[in-house]
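Please build the complete structure, drawing on both the sequences and the hints.
Next come the chains, spelled out residue by residue.
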Amino acid sequence: MTLLLQTVDLCCERDGRRLVDQLNLTVEEGQIHQIEGPNGSGKTSLLRILSGLSSRYSGNLHWRGKAMSRVRAEYLAELTYLGHSSGVKAVLTPRENLMWHAALRGLVDDTAQALVMTALDKVGLYGYEDAACFTLSAGQQRRVALARLFLGQSALWILDEPFTAIDKHGVGELEYWIADYAKSGGAVVLTTHHELNIDHAIQRVLLGGT
Amino acid sequence: MAAYQPVGIGFVATLRRDLLLAFRRRSDFFNPLAFFLIVCSLFPMGVGPDPKQLAILAPGIMWVVALLACLLSSDTLFRSDFDDGSLELMLLSPSSLYLQVLAKTLAHWLLTGFPLTILSPLLALLLQLPASGTVAMMLAMAVGTASLSFIGAIGAGLTVGLRKGGLLLSLIILPLYVPVLIFGVGTVQAAVDGFNYLGPLAVLGALLALAATLAPLAIAAGVRISVDN
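For the protein sequence lines, the chains are A and B, in the order given. Residues in the first sequence are numbered consecutively from 1, following the working numbering. Residues in the second sequence are numbered consecutively from 1, following the working numbering.
Hints are computed from structural coordinates only; laboratory data are not their basis. A portion of the hints provided could be inaccurate.
[Claimed, not checked] Some chain A residues close to chain B (C-beta under 10 Å, calculated; not the full set):
1. GLY59
2. LEU61
3. LEU92
4. ASN97
5. ALA102
6. LYS168
Just so you know, even glycine gets a beta-carbon here, dropped at the ideal spot from N, CA and C.
Encoded structure:
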C-alpha cells in the first residue's frame, strides 16, 4: 500500500490545552481513519491541520513521502475536504454551486456538466439541480456539499462530521460510498460521533482520551 | 490527475459566480449606489444651493462620498464566503488564490466602482460641477474606484475572521485611500480649471497598476491568516 499522508510528532495547542500530543499518524491508500474524542478534544483542529487550513501546530506533515510545504499544490489537487460549513451558497442552485467547485478543480464545460449531473444524481438530488439551495432542506443542502466528493479524482477525503443532518437512508449510502472509495484505493480521514457500520477495516485515533 | 491546469479557469468561475450572486441578491448591490446618490443630493441642501459655492466643493464631495460608499461595501467582500465555508474551499482548491482574490476584487469593482462611475455625471450635474470636469470625473472615478476596491479588499481579507471588524477595517484602509482621494480630486480640479488633467490621472493609473499587481498578494495572505485558526 502506498503511503499518502504522514504526520511526524504532530502537536497542537489551543488556549494552553494540548489537544494533539506527539501524533504519528500514517495514512495509506485504502485506509479509513476515524478520529474519535469528546467535544472540544480537537478533532476539527486536527483535520484543519491535516488539510493545510491551519498552521498552528508543531511537528511535520508529509505527503507521499515529501515535506508538505514543498508539494502543497500536488496535495491540494488530490484532496477533497468537507468541513463543518458546507461551502454551499443558498441563493445559487446545486448545479451552479457544483459547477464552481468543479471549475476550481480545473474542470469546465461539458466534462464538468456531466460530472456535476452524475454527482447530483448519486447523492439523490436528481430533479433538484435547478432549484435554489435555500428552498432545499438542511439535509439536501448537506447532500449538495457531499456531491463534491464525486467531482474529479482525489486520493484523500478529509471529512468533518459528514453525517450531520443526513437521514438514515443517506447515512447508509454515505457509509457505502466511503467503503467503496477505500476499496478502490482512496484514503479517508473522518470524524463522527455516529457508530460507523462499514464493511472495511477502520483505524481509530483517539484524541483527548485519558 | 490535473495538478497543473490552465490558470484562467478558477478566475473566470469565481468572477461569474460573484456576479451571479450579486444578481440574485440585488438589494446588496444597490446599497452603496443608494448611499452615493442620497448623500450627494443632501449636500446642496446642507451648504445651500449657490451654484458657485457648490461647484467649488463638488469634486471633493463626490470623491469623499464615493470613498465612503466603497468603504461600506468592502466589508461584505469576503464575509459571506467566510461564513458559509466557501473561503476555506478556495484556499484548499488547486487553483491559484492570487487569481481568485483578483476575480473577487474585480467583481466587487464591477458592482460598486463601475456603477458609481456611470452615476457620477448625474451627480456632477446635481452638484453644479462645470461641464468641463465631467469627462475627467468619469475617467478618474473609473480608475480610482478600482484602486479603492483593491485597497478595501486588503482590509476585508484581514478582518473577515473577526466578529466585529467594522471599525478596524476603516482604520486600516482609510489612510490608504488618501492618495486616491488626493489625485482623484486633483484630476477633476485640473479639468475644471482648464488645465491638462492627464498628469494626475496618470498617477491614479500608476496607483491602480501597483494595486492590481501587489494587492492580491496582500489580500491572499490576509485571507489565509483569517481562516487559520
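Each hint tested on the structure:
1. With a cut of 10 Å, the hint placing GLY59 (chain A) at the interface with chain B is violated, because the nearest CB-to-CB distance is about 16 Å.
2. Interface hint status for LEU61 (chain A): violated, as the beta-carbon distance to the closest one in chain B is roughly 14 Å, over 10 Å.
3. Annotation: LEU92 (chain A) was flagged as interfacial toward chain B, and the flag holds, the nearest CB pair being 7 Å apart, inside 10 Å.
4. With 10 Å as the threshold, the beta carbon of ASN97 (chain A) comes within range of chain B, its nearest partner Cβ sitting at about 9 Å, so the hint holds.
5. The closest approach between the C-beta of ALA102 (chain A) and any C-beta of chain B is roughly 8 Å, which is under the 10 Å cut-off, so the hint is satisfied.
6. A distance limit of 10 Å between C-beta atoms decides the matter here; for LYS168 (chain A) the minimum to chain B is near 25 Å, and the interface restraint is violated.
Consistency note: the structure conflicts with the earlier hints numbered 1, 2, 6.
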